[in-house]
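Colleague: Starting from the given sequences, assemble the full structure and let the hints guide the process.
Chains A and B, in that order, are what the protein sequence lines are. According to our numbering, the first sequence is numbered sequentially starting from 18. According to our numbering, the second sequence is numbered sequentially starting from 4.
Calculated from the structure, these hints are not laboratory results. Source: prediction; values computed, not measured. Heads up, the beta-carbon is just placed ideally off N, CA and C, and yes, glycines get one too. Careful: at least some of the hints might be erroneous.
Computed from the model, here is a short list of chain A residues facing chain B with C-beta under 7 Å [to be verified]: (1) Asn-29; (2) Ser-31; (3) Asn-32; (4) Thr-34; (5) Arg-56; (6) Tyr-61; (7) Asn-64; (8) Gln-67; (9) Arg-69; (10) Gln-70; (11) Val-71; (12) Asp-72.
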Amino acid sequence: MAEFKVGDTVRNTSNGTLFVVVALPRPKDRKTADLGDPRVTVKYRDNPSQVRQVDPALYVATTAEEVREADAAAKAKTKAA
Amino acid sequence: MAELATTDTPSVDPNVIKMLETVEAGATKLREKAMADFEAGFAAELAKRLKPNRETLERINGPTPEPERVPALSSGRIFDPRWQLYERMKRRDPEMAVYRSPDSDHWSAEWIRGMTHGNHEAVQRAADKLNELYGLSRATLVEGPTTAVSGLSQGESGFLMPLPLANAVAIQMNRSAKIRSLAKVENSVSKTLRIPTAATATAYMLAEGATATQGEPDMSSVLLDKKKQQCQFGASKETLRDSAFDLTGLFTERAGSAMGQQEDVEICTGASTPTVSSTIIAGITDVAEGSSTVLTYADLVTFWYTLPEQYQASAIWLCGGVVAGLLTRLTMVYGSGATLNGTQPVLSPANPSVTLGDGANVQGFIFGRPVVIVPLASGGLYVGDIRRAYTILDEPGIEVESSLHAGWSTDTVLWKFTRRFDGATITADAARRMAGLATIA
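Modeller: Okay, structure coming up:
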């Protein structure tokens with residue numbers, strides 16, 4: 018599993034959308050009914066009210082450069098509209 | 004030199020020729036006779052078959068059976084005017100017809116009336132008659148004393164309904180509850196049931212002399228703990244006294260369908276307190292759509308193929324009415340490249356007669372798997388092998404109580420139907436979910 022921290026910006030590998038990590042899986046020693054939750058809680062970077070609990074294997078860490086580029090593209094798109 | 008006798012054709016004895024002619028004439032005569040015999044036989048058979056059978060239907064089929072006579076409460080015997088209804092039920096609703104007949108409905112109604120009037124003798128007699136009719140009776144339970152940790156029922160009391168009446172309620176309940184027919188249902192007389200779970204074990208291929216990595220999965224368990232569900236309704240005394248009224252139908256449908264509908268709501272949303280141990284979406288991994296709240300066909304494809312392959316063959320789609328509407332309006336392109344053929348809706352209404360189990364009507368198919376509408380929270384779309392993902396713990400038996408006094412001022416008899424059940428997600432990995440869907444693109 019990729020090493021994510023709360024607050025990291027991550028990218029969905031199938032659709033390229035950027036998310037921010039909100040919460041990490043529970044530690045494995047805290048046994049729960051579902052054998053420890055393997056999911057990472059993320060929110061959409063462009064719509065933080067939408068929160069999803071996702072499989073971290075489908076997400077990769079992003080670089081600061083990548084985030085800057087995405088923000089610039091979004092800004093240009095808003096301006097054009 | 005002697006002259007050689009030359010003959011072009013050998014001479015034939017005229018007697019032989021005459022004999023051959025006689026044989027041929029005989030064969031011709033024989034053939035003509037056989038033909039004539041055959042034609043005569045054929046004509047006779049044809050005439051016989053074309054002749055209509057003038058016998059009465061009764062003589063052909065045997066005597067018409069007499070309608071079933073139903074004993075009335077009086078000393079005489081009457082024909083039950085509802086006989087036709089029960090005959091039709093055998094054809095249209097064979098499952099229910101097993102537990103409904105003029106006799107059993109009579110005794111069920113007697114049982115209901117006995118309960119109403121506090122007539123214990125009538126209740127007992129009706130219950131005995133029903134057991135006699137069906138050869139059914141409840142098992143005797145030997146459970147030992149109830150303690151805080153025994154897992155047995157505590158503080159529950161009331162009359163258990165006669166089995167045929169309880170079964171009729173259960174059939175109605177199953178028709179309203181959709182998830183019940185899709186999930187795994189366990190029965191237990193105990194209040195709780197613990198189901199062991201484990202993560203996947205791993206096998207290895209090894210060289211000679213090598214040993215496998217220790218791969219024993221973590222063991223855990225899910226505790227199912229029954230919660231009480233009850234519906235209460237009143238019936239006027241006149242209703243109960245009216246012998247022609249279909250009391251059994253009224254009571255089984257009202258109680259059964261109400262309980263079934265609420266069971267689905269609790270399993271989908273856990274709306275009440277107390278509610279099921281976990282909802283059907285508890286612990287399920289979400290698949291995020293590309294643009295928040297917007298469903299595209301590409302998202303749907305990703306969603307489906309994110310479900311582990313071993314669960315796809317038995318997967319069922321669940322969604323609420325709003326998302327079903329989005330799926331019906333969402334279109335997919337079929338064909339590719341130069342052979343693009345056009346678009347079609349992802350979800351097309353299916354033949355309404357398609358059902359899965361009791362109440363689960365199929366709305367259509369996506370990727371070859373059925374779609375069922377359930378009361379999931381708006382914007383939710385679920386796909387998974389529900390039988391492996393979710394388990395319902397059921398209680399054998401439905402309790403019923405009545406009170407004359409609670410409705411004294413309105414001349415109403417109040418009824419309470421009580422049962423207990425629970426549900427929990429057992430294998431979260433057997434399903435995936437999308438949430439927050441509001442529009443399509």
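Colleague: Closer than 7 Å between Cβ atoms is the bar; does A/Asn-64 clear it against chain B? Give me holds or violated.
Modeller: Cβ of A/Asn-64 sits 4 Å from chain B, so the hint holds.
Colleague: Double-check A/Ser-31 for me: the hint is only fine if its C-beta lies closer than 7 Å to a C-beta in chain B.
Modeller: Result: holds, 5 Å to nearest chain B Cβ.
Colleague: Holds or violated: A/Arg-56 as interface residue toward chain B, Cβ cutoff 7 Å?
Modeller: 5 Å, holds
Colleague: Is the shortest C-beta separation between A/Tyr-61 and chain B less than 7 Å?
Modeller: 4 Å, holds
Colleague: Let's test the interface hint: is any C-beta of chain B closer than 7 Å to that of A/Asp-72?
Modeller: Cβ of A/Asp-72 sits 5 Å from chain B, so the hint holds.
Colleague: Given A/Asn-32 was flagged as interface, is its beta-carbon under 7 Å from a beta-carbon of chain B?
Modeller: At about 4 Å, which falls below the 7 Å cut-off, the nearest Cβ of chain B leaves the hint on A/Asn-32 intact, so it holds.
Colleague: Does the interface hint hold: is A/Arg-69 within less than 7 Å of chain B, judged Cβ to Cβ?
Modeller: 4 Å, holds
Colleague: Can you verify the interface hint for A/Gln-67: is its Cβ closer than 7 Å to any Cβ in chain B?
Modeller: The hint holds - A/Gln-67 has a Cβ within 7 Å of chain B, the shortest such distance being about 4 Å.
Colleague: Have a go at the A/Gln-70 hint: is there a Cβ in chain B nearer than 7 Å to its own Cβ?
Modeller: Holds, because the Cβ-Cβ distance from A/Gln-70 to chain B comes to roughly 5 Å (cut-off 7 Å).
Colleague: Would the hint on A/Thr-34 stand, with a C-beta cut-off of 7 Å toward chain B?
Modeller: This hint holds: A/Thr-34 lies near chain B, its Cβ roughly 5 Å from the closest one there, short of 7 Å.
Colleague: If you take the shortest Cβ to Cβ gap from A/Asn-29 to chain B, is it below 7 Å?
Modeller: This interface hint holds because 6 Å falls under the 7 Å limit.
Colleague: Quick check on A/Val-71 please, does its C-beta sit within 7 Å of some C-beta on chain B?
Modeller: With Cβ-Cβ at 5 Å, under 7 Å, it holds.
Checked against the numbered hints listed earlier, the structure breaks none of them; every hint is satisfied.
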